[in-house]
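Novice: Now for the letters of each chain:
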Amino acid sequence: MARTRGAISPSRAAIRRVLDTFRQNIPELVRGFVTAADSTFDWRLDGSVYQYTRFETLRSMLGGPIVDPTSVRPVISELWATSSIHLNDAREFRRGQEVVEHQLARLPNDDIRRRMRLAIKDADALEVYCSCFSAVDDDLSQWRGYGDDGAGVCLRFDLGGLLASVNGIGYWVVYGKPGNETVQMSVADQLLDYVHSTIRLNLPLHSVPGAVYNEVRQQLSEIWPALFLAFKHDDFRAENEFRIVYSDAVGRPIAPCFRPDPIIPFVKLQMRHGARLPIQGIRLGPAASADANVRSLELALARLGLGHIRVDKSDIPYVPR
Amino acid sequence: MIAQVLQAIQDAFHPARVEADLKETEGRVYGSVEVLGSSEFDSLDDIRRQRLLWERLRAILGPESTRVGPVVLEPTNRG
Numbered sequence: 001m002a003r004t005r006g007a008i009s010p011s012r013a014a015i016r017r018v019l020d021t022f023r024q025n026i027p028e029l030v031r032g033f034v035t036a037a038d039s040t041f042d043w044r045l046d047g048s049v050y051q052y053t054r055f056e057t058l059r060s061m062l063g064g065p066i067v068d069p070t071s072v073r074p075v076i077s078e079l080w081a082t083s084s085i086h087l088n089d090a091r092e093f094r095r096g097q098e099v100v101e102h103q104l105a106r107l108p109n110d111d112i113r114r115r116m117r118l119a120i121k122d123a124d125a126l127e128v129y130c131s132c133f134s135a136v137d138d139d140l141s142q143w144r145g146y147g148d149d150g151a152g153v154c155l156r157f158d159l160g161g162l163l164a165s166v167n168g169i170g171y172w173v174v175y176g177k178p179g180n181e182t183v184q185m186s187v188a189d190q191l192l193d194y195v196h197s198t199i200r201l202n203l204p205l206h207s208v209p210g211a212v213y214n215e216v217r218q219q220l221s222e223i224w225p226a227l228f229l230a231f232k233h234d235d236f237r238a239e240n241e242f243r244i245v246y247s248d249a250v251g252r253p254i255a256p257c258f259r260p261d262p263i264i265p266f267v268k269l270q271m272r273h274g275a276r277l278p279i280q281g282i283r284l285g286p287a288a289s290a291d292a293n294v295r296s297l298e299l300a301l302a303r304l305g306l307g308h309i310r311v312d313k314s315d316i317p318y319v320p321r
Numbered sequence: 322m323i324a325q326v327l328q329a330i331q332d333a334f335h336p337a338r339v340e341a342d343l344k345e346t347e348g349r350v351y352g353s354v355e356v357l358g359s360s361e362f363d364s365l366d367d368i369r370r371q372r373l374l375w376e377r378l379r380a381i382l383g384p385e386s387t388r389v390g391p392v393v394l395e396p397t398n399r400g
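One line per chain: the protein sequences are A and B, in this order.
As numbered in the working numbering, the first sequence has no gaps in its residue numbers, which increase by one up to the final residue, 321.
As numbered in the working numbering, the second sequence has no gaps in its residue numbers, which increase by one up to the final residue, 400.
Just so you know, the hints here were simulated from the structure itself, not pulled from any lab data.
All of these numbers come straight from a predicted model, not from anything done at the bench.
Among the clues, some could well be false.
Said to hold, decoys possible - Examples of chain A residues lying across from chain B (beta carbon under 10 Å, computed):
1. T21
2. F22
3. P27
4. D46
5. S48
6. L163
7. R272
As the list claims (entries may be wrong) - Far from chain B by the CB rule (all over 10 Å, computed), these chain A residues:
8. L104
9. A151
10. C257
11. D291
Ideal Cβ positions, reconstructed from N, Cα and C, are used throughout, including at glycine.
So here's chain A without its partners, still in its complex pose:
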């Protein structure tokens, strides 16, 4: 739903302003509600997170298939985030939607809840982009799932540096599934209550114009996808995932790009002030962990002015079949 531009009523503008601010608070609220529901949840905002990917991705970051330090500049100032309808969990978006829809029934049955429900139906994951990281270093299942079956690389990022500069919001994923969903339901319940009261307390006291409710629905249809992605099916728990999520609703506007396979929307998330991505190290996958590869990558990085990035081999004795 396109955002109405031009002059709007003060009450509609007030709701827009408040929900604009709410979008920016999503990670903080999820954090607050998760740690209230599960005191053991390690919601850290520093240390390292790991991104397993193909070698080709690293080569693209360094300048292309042929890395020529005399003619290319590495583009390690962009974090690629993929449309969330192309993520590997087929129920990725749906799990969050289910949890939120389920808990919506606990709210008062009023005009606000009605718009909250309608906005869930409007919500679309296509232009909500995700860049995924794991808390787990050198992990066989991650190599198999994301690191080109062990022939890829794992990029080690400084989480604090990433959060300080990247265009988007970041949060740890909350896992659950039917039968083991207390934390997810509690978080969704509190988030919905927060949204409902925020809207209610900011509505005009008497005779709310239809346009204001339309604004609520429109805003929430943009906000819900970024919230849904905070929830993931429990079968992925071992990934211990941190996500950077971007959409127009939660970041500075950027145009999408498209890559083959056969066509996948993605965005290049810039760091603020053109800063480089805070990559601390690169670990070669088990199938690429030859000493020759380590030394060659170290040489390439040094020649590109990236000698501060540490190169390591995998410790896993995995041989792909």
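Fit chain B to the known structure of chain A by using the hints.
Specialist: Just chain B now, with coordinates in the frame of chain A:
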């Protein structure tokens, strides 16, 4: 709780002055605050302003911080 929100803003941005329009209803604080004369505030985008505010809110209020907001910080960077 309004006093704690204002303290959090002070701790986060060290402004020369704030103009607050905050209300406390049903145990929740909401409204807007204009932050004036703060180089920290001016150097950040809206998302990071909110993050910094929440860090301070969490330090002051602990779990009760989720009773706050959304507090609109002005001037915003959004169009």
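Novice: Need the list of violated hint numbers for this structure, in ascending order.
Specialist: As far as the earlier hints go, 4, 5 are violated by this structure, in ascending order.
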